[in-house]
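**Student:** Read off the chains here:
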Amino acid sequence: MQQALPYINLPFTTTSNGGATTTAVEVPKLVAENAVVIFARSGCCMCHVVKLLLHGHGVNPTIFDIDEQNEASVTGELSKIIGIGEAKAAGRPQFPAVFVGGKLFGGLEEVMAAHISGELVPMLRKARALWL
Amino acid sequence: MNFASTQFVPSRRMGICEPLPQIGMWSDYKENNYLDTSTPAILEVDSRFDNQSEDTSHGIVEPSNKYDQEVSKTNDKQLRRLAQNREAARKCRLRKKAYVQQLENSKLRLMQLEQELERARQQGLYVGGGLDTGQLGYSRTTNPGIATFEMAYGHWVEEQNKKTADLRNALCSDITDLELSSFVDDGMNHYFDLFLMKETAAKADVFYLMSGMWETSAEHFLSWIGGFRPSELLKVLEPHLGPLTEKQSLELSNLKQSCQQAEDALSQGLERLHQILSETVADGLLGEGNYLPQINAALEKLKAMVRFVGQADHLRKETLLQISRNLNNRQAAQGLLALGEYFQRLRVLSSFWTSRPRESS
Chain A
0 MQQALPYINL PFTTTSNGGA TTTAVEVPKL VAENAVVIFA RSGCCMCHVV
50 KLLLHGHGVN PTIFDIDEQN EASVTGELSK IIGIGEAKAA GRPQFPAVFV
100 GGKLFGGLEE VMAAHISGEL VPMLRKARAL WL
Chain B
0 MNFASTQFVP SRRMGICEPL PQIGMWSDYK ENNYLDTSTP AILEVDSRFD
50 NQSEDTSHGI VEPSNKYDQE VSKTNDKQLR RLAQNREAAR KCRLRKKAYV
100 QQLENSKLRL MQLEQELERA RQQGLYVGGG LDTGQLGYSR TTNPGIATFE
150 MAYGHWVEEQ NKKTADLRNA LCSDITDLEL SSFVDDGMNH YFDLFLMKET
200 AAKADVFYLM SGMWETSAEH FLSWIGGFRP SELLKVLEPH LGPLTEKQSL
250 ELSNLKQSCQ QAEDALSQGL ERLHQILSET VADGLLGEGN YLPQINAALE
300 KLKAMVRFVG QADHLRKETL LQISRNLNNR QAAQGLLALG EYFQRLRVLS
350 SFWTSRPRES S
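Chains as they are written, first to last, in numbering that gives the first Met the number 0: chain A, 0 to 131; chain B, 0 to 360.
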């Protein structure tokens, strides 16, 4: 269960993988056990934007850094997860990819749209990413 | 006998102003409401005098001789003429007022047209005038995608002006709610069309979009990541939506806040991109060998710019959609009209700015 941390104290990045040693097999576990997970390429600025939006709601997402080494395997794992959830013909996921409550929520566009329409907070609450 | 009155039946077109040549064009305003209210007064005056002259002819007190008859006729004439003068002068003043109003509107329209003409010149549709050819050369010869966008955007602005005028007329007329809702949908879709156009243009040259060369100067001054700032737009719209319910006020307030948060997040993301790009380019300065790897790395980073403009436009679209969800058709129509007029004014402001007399050094 993710803790809702106050905005000011949130560190710049929180990554669950320490570097090249992380394997893609951990992906399903990560998605299942964490309320909000962001998969993004290292240094991606879009990921930064998603993070800031979520921080604004008091959510501290888990971030999985994708680099050249693990990209293929991680993409494979994610496609499996997405495939089970919905019959998405979109193919490989776009990054950053945001998972909420174990399911693919979408990319920055989806998060932005939900933020504006007011649907994001109830969703986060439902996934127990925050309680207030 | 009433022959006295027939001599003084006023023609509506005649007045003491008639001899003056420029008043010819003021006659356009004879259909004006002002004149409608004034004519009954003349008729009243006429009927009063008609009655009086009738009375003097057939009434109890009859002039004893022909001289007295003449005197009373002369008095009638004078009084009638004075009244007609007053009316004519009044009509004149009102016509003048309407004429000046029309002149001022024409001036604004002229500025608008000049601005459109400048745009047409840039697209190479019309050659002439001493504008700097720098922009012209850039858009026409180096990037066909941008040239296409410029032309399409010129049309978009023309369409936008037409739609704004149509919407204004619709709101003034007796229109059904269903018809109004189709106006609203049409107006919103027009903005969404622009975002699609910009998406294509961003792929052709994102820096062209970011530089604001396609916008007028005032629009560009107020812009944020290649277009209008959604939260600013909400502030412009708010007073013109008419009375809002408490629920609507609350939702608008929430929307303003969400917009601000989203804008801040995007702005900060962009700042980070600046940082990263700078670091990437500067990596290994004063080193040996070539710097092609850094250039290639930087190229990859620059691609993110296209996504940023796309996200900003996406935010604009979502904001427009969200605000329309919270409003009824009439409120949404008023909001769209206010928006259309706001941007029109910005374009005209830019024209005035460009053509203002320069201070001599």
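Accuracy of the hints is not assured; some may be wrong.
To be verified - Keeping only pairs whose Cα atoms sit at most 20 Å apart, straight-line, the calculated EDC-like set for lysine to aspartate or glutamate is:
(1) B:Lys300 with A:Glu67
(2) B:Lys202 with A:Glu108
(3) B:Lys255 with A:Glu32
(4) B:Lys300 with A:Glu70
(5) B:Lys302 with A:Asp66
(6) B:Lys255 with A:Asp66
(7) B:Lys300 with B:Glu287
(8) B:Lys302 with A:Glu32
(9) B:Lys246 with A:Asp66
(10) A:Lys102 with A:Glu67
(11) B:Lys302 with B:Glu340
(12) A:Lys102 with A:Glu32
(13) B:Lys161 with B:Glu113
(14) B:Lys302 with A:Glu108
(15) B:Lys300 with B:Asp204
(16) B:Lys255 with A:Glu76
(17) A:Lys79 with A:Glu25
The set of hints was computed from the structure by calculation and includes no laboratory data.
**Student:** Where does the structure disagree with the numbered hints, that is, which hint numbers, in rising order?
**Tutor:** As far as the earlier hints go, 3, 6, 7, 8, 9, 10, 11, 16 are violated by this structure, in ascending order.
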